[in-house]
Each structure stands twice: as C-alpha cells, then as structure tokens.
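Which chain is which? The protein sequence lines are A and B, in order. Each number in our numbering corresponds to the 1-based position in the first sequence with 17 added. Each number in our numbering corresponds to the 1-based position in the second sequence with 6 added.
In case anyone wonders, no lab produced these hints; they're calculated from the structure. Beta carbons: idealized from backbone N, C-alpha and C, even for Gly. One thing to keep in mind: the hints can contain errors.
For each label pair, taking beta carbons as the anchor points, the in silico distance ranges come out as [unchecked claim]:
id, chain 1, residue 1, chain 2, residue 2, range
1, B, ARG153, A, ALA76, 30 to 36 angstroms
2, B, THR76, A, ALA47, 39 to 45 angstroms
3, B, ALA47, A, ASP201, 55 to 61 angstroms
4, B, GLU149, A, SER68, 21 to 27 angstroms
5, B, ARG31, A, LEU188, 19 to 25 angstroms
6, B, GLY156, A, ASP77, 50 to 56 angstroms
7, B, LEU93, A, ASP162, 21 to 27 angstroms
Residues per chain are reported as follows:
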Amino acid sequence: MNDKWTDRLSDYVDGELTTEERTALETHLATCADCRATLEELRKVVVRARSIHDRAPKADLWPGIHARLTPGGRPGVIRSRRFSFNVPQLIAASVALVVLSAGGMWVALNQPTRTAGGGQFTSEDTLFHVVNNKMWNRTDAAIADLQKALTRNEGRLDTATVRVVRENLALIDRAISQARIALDADPGNAYLNLHLADTMRRKLELLRRVNAIATAQS
Amino acid sequence: MADAEAVDTALAASGDASAFERLYRTHVNRVHSLVRRMLDADEADDLTQDVFVRAWEKLHTFRGESAFGTWLHRLAVNVVLARRKTLGVERGRFHAGEDPLEDVSGRRETPEVAMDFEEALANLPDGARQVFVLHDVEGYRHEEIARMLGVVPGTSKSQLHHARMALRRYLDQ
C-alpha cells in the first residue's frame, strides 16, 4: 500500500490539510481499506508518543552540576553587571579612577596612617564614602519600599513560601550588615563596595520577584 | 497560593544553590528524557548536566513570562540541537533525504530483535527522530521546529510522516 494519498495521512491526522484536500482524502478513505488501516496506525503512534513516560537518570547528576556552579555568584550575572552600573556607581568608579590615577604617585610616596579607631581617611576614601553613601541611601529607600510592599502582599503567599523568603532575606541582611561593618573600617575598599552593591542588588532582585509573584496570585 | 517553584526560581536567580537544586530535582527527569530521546543515551548524562549549568548561568535572563519549566525545556532543546549540530558536522549524520523506514523496518524483519517503541524511536535516523520527538512527544509545531532546525515546514512534515510510518510497526500497547 503506497498510493498518492499515503503521504498526506499524517497531515490529515494533524489537521494540516486544506478543506478541499481533506474532502478529497476522506472520499478516498471511504473506498481504500489500506489507507484506513494506515490512518488508524498513525493515530495510535501519535497517542503512544504522548504517553511516553519520563525516566530518571540512573545516577544522581546534581553533584556534578553543583561542582560546576561558580561559587559565590553566577558567571552570567557577573558579565551582565558590566552593563548595569547605575549613575552613582559610575560616578564612584570615575572619581576613584581619577583620584587613583592622578594621585597614584603621591599615595605611593605618602602612605597614610590611620588611627586605631579608623578616624583618619585618605582623600580618595572620603570621596568614595560620600558618593557611596548617596548610592546606599537611595538603594536603602528602594529596599524599604519593596519591603513595605512585601508586607502588604505576604497574605497572598503560602506559609512555607513566606518562611523561605524570610530566611533568605535574613541571610542577605546579615551579609549586608557585615559588609557595612567592614566598610566603616575601610570606606575606600573597592572590593567591599562592589560586594555590598552586589548583595544589595540581590536583595532588590529577590524583593521585586517575590512581590511580582505575590501580585500575580491575586 | 504562591507558586513555590516561582519563588525557588527567584531565589536561585539571586544565587541560592539550594533553591536551584530543588528546581533540578523537579525537572531533571523531563530534561534527561528529552536529551536521551534526541541524542544517544550515553550522552544524556553529560548533556543534562550542561543544560542545568547553562540554566544557572542564564537564570538572570529569566523574567517569568512563562513557567520556569517551559523556559528550561526550551533551553534544553537549544543545548541538544547545538550538540546535534556539532555531531552532525563530526559524523555527517544528518541528511534530510534519509529514509527512516530503511533503518528501523529492516530490524523489524529479524524475529530475535524485539524492539519496543522507545527503542525503535532511538533507532530512527537523526532527522526523523528529532522532528518526531519535538512534534509528537514535546508538542512543538512544524513552524517552530522548522525555525529550530533551519529547514522549511514541509521538510519537518515529511520527516514526521516517515517517522510515524516507521514507528507504527512498533506499537507495543
């Protein structure tokens, strides 16, 4: 059995024929037992394909995956961060670059001394501190707004979800608190500034997403 | 009630590996099965790992417009197709004109070789196999498959029909 209609049977099963083609094929099917039998088999294949069950891998693949996850952050995020600095961050980076470039030799020749209490800062420390304080204040305000929204929206989330979100926010808050303590002692530390910015970004991202999820439940 | 998976997705996107492990546990069977059906079984473990590592790296681009599972599944298809493309270049295996009936039905004539449906599927030539998996198992439309594979929809339809014609001899239910 292999007449001119055979190759159109799958299209017929899938509803891909035009009205005219479908009518012509149905006319043929009325007189061709072979094509009717083939059509029935093709329909069974389609049903069988939909009933294929997923199977688990023989071994747990998670340890291998976990070993390949970049510790402390995702490569994709780190790459994208290059394009997501906000204006205060760019100002801070520019100021630091200018100060460090122009005053590099001066800094090298005049190592600043700090008091035991950390009260003596270099000029670049002070500039960093002032600019970053403005950025942190704005970020704090955004976080506060989102946390208020989350408080309002928590009722739309189930208890387990709220618990997981709170635990993760507490973890992030601890990281922010530790970074700020370290920055109080060393305001010009570029690594600490970036670390704090990244941690606050993560908190903002988490709050935004959870609020979006909660809102979507309504 | 909130979708716990959406929360896990948000947590994972913020760098929480434990949340990502929960997503892995939920979806690994489906991803592994997709990879196994479209590639050789001995590559399924490695490719499945690649899919989840890629998902971790790209999670920051997931905006929640679709379910995480849908996003992950499409990413898995892309990883598999990229791998198949590499294999095709390496082995010269993908030929649009190949006849799936020849490969599978030839074995059917040998009584001692009793293939079930999934084994027969695994023995289809690459072109027919990937179209069948994407269309009949995974539910993609011919237009989508054609875009993914870089062929015209008519080729996708033709490959699907040949695959079905071959597989109808292995209906095991």
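- Message: 19 to 25 angstroms was suggested as the range; check whether the CB atoms of B/ARG31 and A/LEU188 agree with it.
- Response: holds (21 angstroms)
- Message: Quick check: does the Cβ-Cβ distance between B/ARG153 and A/ALA76 fall within 30 to 36 angstroms?
- Response: holds (34 angstroms)
- Task: Determine whether the Cβ-Cβ distance between B/GLU149 and A/SER68 falls within the hinted range of 21 to 27 angstroms.
- Result: holds (25 angstroms)
- Does 39 to 45 angstroms hold as the CB distance between B/THR76 and A/ALA47, or does it fail? holds (42 angstroms)
- Message: The hint says 21 to 27 angstroms between B/LEU93 and A/ASP162; measuring C-beta to C-beta, is that right?
- Response: violated (51 angstroms)
- Query: Lying within 50 to 56 angstroms: is that true of the beta-carbon distance B/GLY156 to A/ASP77?
  - Reply: With Cβ atoms ~35 angstroms apart, the hint is violated.
- Go ahead and decide if the range 55 to 61 angstroms is satisfied by the Cβ distance of B/ALA47 to A/ASP201. With a Cβ separation near 57 angstroms, B/ALA47 and A/ASP201 satisfy 55 to 61 angstroms, so the hint holds.
This entry does not satisfy hints 6, 7, going by the numbered hints stated previously.
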